[in-house]
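Student: For reference, the chains in residue letters:
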Amino acid sequence: MNVEQLKAAHKLLAEYRYTPAKLDRGYANKSLYINLSENKIEEKVVTETMKEKFIGGKGFGLWYLWNAVTPETKWNDPENEIVISPGPIGGITQYPGAGKSLVVSISPTTGSVVDSNVGGYFGPLLKFSGWDALEVQGKAEKDVIIFIDGNNGLVTIEESPEEAVDSHLLGEQLTEMFADNEEDKRNISVVSAGTAAEHTLIGMLNFSFYDARRKAVRLKQAGRGGIGTVLRDKKIKAIVVKFRGVKGNLNNVADFEKVSKTGIKLHKEIYNGDDKQNKMRLRGTTFLVGIMNDYDLLPTNNFKFGSHPKGKEISAPKWVERFNYTGKSDGCWYGCTLSCCKVMCDFELKTGPYKGQKVIIDAPEYETIAGVGSNCGIFDIDYIAECNFYCDTYGIDTISFGTLTAFLMECYENGIINKEITGGLELNFGNKEAAMELLHQMSRGEGFGKIAGQGVRKCKELFIKEYGADANFLQDIAMEAKGMEYAEYLSKESLAQQGGFGLANKGPQHDEAWLIFMDMVNNQLPTFEDKAEALHYFPMFRTWFGLVGLCKLPWNDIVPEDNGLTDEPAKVPEHVQNYVDLFNGVTGKNITKEDLIAQSEGVYNFQKVFNLRMGFGTREYDKVPYRSVGPVTEEEYLSRQERYDGQLKELLGMDPEGMSTQEKMAALRKYREEQYEKLCDAVYERKGWTKNGIPKLETLKRLGMDLPEVVEVVKRYL
Amino acid sequence: MIKVNGKDFQWEEGLTVQKMLEKKNYTFPHIVIKINGKYIPPEDYQTTIINKGDDVEAIHLITGG
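The listed protein sequences correspond, in order, to chains A and B.
Throughout, our numbering is defined as the position within the first sequence, counted from one, plus 2.
Throughout, our numbering is defined as the position within the second sequence, counted from one, plus 711.
Everything labelled a hint here was simulated from the structure, so no lab data went into it.
Note that CB positions come from ideal geometry on N, CA and C, so glycine has one too.
Worth double-checking, as some hints may not be accurate.
Short, incomplete list of chain B residues facing chain A, as computed with Cβ under 7 angstroms [as the list claims (entries may be wrong)]: (1) T738; (2) P752; (3) I773.
Excised from the complex, chain A in its bound form (with noise of 0.2 angstroms):
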């Protein structure tokens, strides 16, 4: 690599100089702004309404974003931004899990907001170069790098025409461009999608770190919405910070003892109690995979079944024989004793432009092995692990990838659509080497692969239209919403779920709530009221950790060895507390647990309003495919046939006994199906919205989001 050489084909555009700001109580207290159809580069100031209304992270990018769109915008318009900010408690390194960044943009595949977090290096080393936020607008001419330097207060656009475009390469090369030496390549985080990204609408971004240990470039993904796509639709190679100087106060807290003592708790908790729960830092989320398996709750074959005998071939004891462990935390930024991620070094590739080459992984996480593995009927680690490298270094987000795939996997099966649509693709569940194909194919913007990569919904429009696909079948079978492909939890069982998926602002994504445990097995949410309370506040409590910059894993993947004894285990009280004082102890705030939740209250509630501002976020965007609800096809419903059988008699008053299969699944749908409808009546109310889904006005009010702008478009719908 001659990166003198890449360099010297760079041609400026534009640059600006600015005096880092001295952190306060975690807020820099300025955003960057820059416009890349204009090559201009602004600060802005952050104000206190701001911060008090918005908090930080995703809360600062939606503000940004609704400033900077109309409803009539699109994700490919000029207008549309991509916004990233980590939020007041991240960077410090205090606390596990405080290096995330939360990006916000106009999705190219909902249509309407969307946001998506990401750890590694990034955010944190934005704001220590003295900014809360960077949004970026505008569209270049050709591809250009973004670069930060947060020592020498010097943003600049540069037009960069020789890099590679796949993240593997490019971000060795600008860490090595940009790096003084060795040592100075941990100062640098680049952010960047991939070929793929290009070509498709389920584009993610990398973002980097420099793996001292390895001597390597590490990946870590915003994986959902497509905002890769917007990246490389705005010509934009890459985004490069750099800042010297981590230290363990940079955040300038209000009382660092306290946030000190509350890190240091948590980091004797680790110690003593992982290797006895989740062995999250042996294991990473692959343990999810084997249990998962075990409460049939694992996606198989297009969320068909939710176990299969395999699932074992795929679980975390065959990952951990591949990890490579250097005997030092592994984390995605400094200071997590947690260290979930792991890494597969000198691993060779078997296909596509890289063939033959060693590359190091940034190991498969669950949703990534649930999704291109068993979704798809593959149970192969090496093909997971490979798909997983192209995925990253495609710039595709891998969850996408895998409900996509496995959408196209039933179809192919059911004559929907077939070899001569494929371009040759023999898309039966479990051939791994046409899915790989496929995925080779959306880098190269060819064939089958640029189509499917337009994702579920439009896949589901096109087959519908151009291939005569019975329309309702379709419908039940493609596992989206809001145009969003699912994340890798079977809800059939819990209805809670199914409304965690179906009711979540962005789309299905779990990062909203996680309930199958507490309602499925746990049995602790009998009633619609108590599913409403659930839906109510965990999406609330986990919106919290995307204002702040925090993961939610140290949250509930760890827990103290005497939660279960409280009296709300399933909340982790003590660790609630912990987050209290963190917030309190960096801004020097006092808020109480409840005005935890009022914060994500008001932001989550707005971003309900940007939903509706663009046309979405009425109670019809808030219904699901059937497959996530219960069986579509007899297949499923034999299956499970006791299961079911039981539920006709239990819950419905039924005999099944005389009764045809088709029969017993028809009054099984519309059973459940009233089920979920009465979900949403529960849980709009639990929320202070009428029964359309729209919040009322003095829920807006009590939120303090009632701005004369909000207001303005949820009179519209009252």
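Keeping the supplied structure of chain A fixed, place chain B upon it in accordance with the hints.
Tutor: Frame of chain A; chain B shown alone:
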């Protein structure tokens, strides 16, 4: 019959907490067990007998994916 998380479950002579967990295929590593409201520490799962009619809670602590 006993109750496990509020639902009927077949009882048998000599049913221990450990056996109940195995029969339910409850493999999640961090489950809090209470019998008739009394907490049972994990080290006692092998030896604690569940009696006919007992109300068993097997609370899985995970609340996130």
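Student: Would you mind marking each hint as holding or not holding in the structure?
Tutor: Outcome of the hint check:
no.: 1; hint: T738; verdict: 5 angstroms, holds
no.: 2; hint: P752; verdict: 10 angstroms, violated
no.: 3; hint: I773; verdict: 5 angstroms, holds
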